[in-house]
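**Student:** Sequence:
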Amino acid sequence: MAGCSAEAQLLGQPTPQRPLPEGIELVFNHNETSRYRSPISGQWRQGDDLEAFVLASIRGAKREILVAVQELSLPKVAEALAARHRDGLTVKVVLENAYSTPWSQQHPADLTPHQRSRHEQLKALGWGMRWRSCSGPGCP
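For the record, in the sequence shown the residue sitting at position 17 is 49 according to my numbering, with numbers rising by one throughout.
Among these hints, one or two may not hold up.
[Said to hold, decoys possible] Heads up, simulated PhoX-like pairs for lysine-lysine below, C-alpha to C-alpha not over 20 angstroms straight-line:
#1 K124 with K108
#2 K155 with K124
#3 K108 with K155
Derived by calculation from the structure, the hints in this document are not laboratory data. From a predicted model like this one, the values you see are computed outputs, not experimental measurements.
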């Protein structure tokens, strides 16, 4: 077993490409034909730029945005969701319970080493301090 940051290895032959139904797009975090710079670590990674794909999808939304993710750790995505909410769109976000604790209630001494590392990464990206007191309807 390996964590999310482990180097991926593809085994076997890729499945032949089939046409997608209208309105369906596919992107992959491990894609041999593309590379992107991680917004979290700044390192180059193999795969599609999922952040760019999600941001384009948020910008293109007409009525509502429904998001279900383990954690929301990309500041540009959170800011885009908040902006679209302020524009009048319905925005609903579901997070795994372990990742839904507000910054104001997180204390590094109480976090596991992995959580503390993520906390420091996100803090370095500018999360936490400016949103710590955010409690209005436009807050992420």
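**Student:** Run the distance test for K108 versus K155: straight-line Cα separation, threshold 20 angstroms.
**Tutor:** Holds, at roughly 14 angstroms.
**Student:** Quickly compare the C-alpha distance for K124 and K108 to 20 angstroms and report which way the hint goes.
**Tutor:** Distance ~16 angstroms between K124 and K108 Cα, so the pair holds.
**Student:** Below or equal to 20 angstroms on CA atoms is what counts here, so check K155 against K124.
**Tutor:** Judged against 20 angstroms, a Cα distance of about 24 angstroms means the pair is violated.
Hint compliance for this structure: hint 2 alone is broken.
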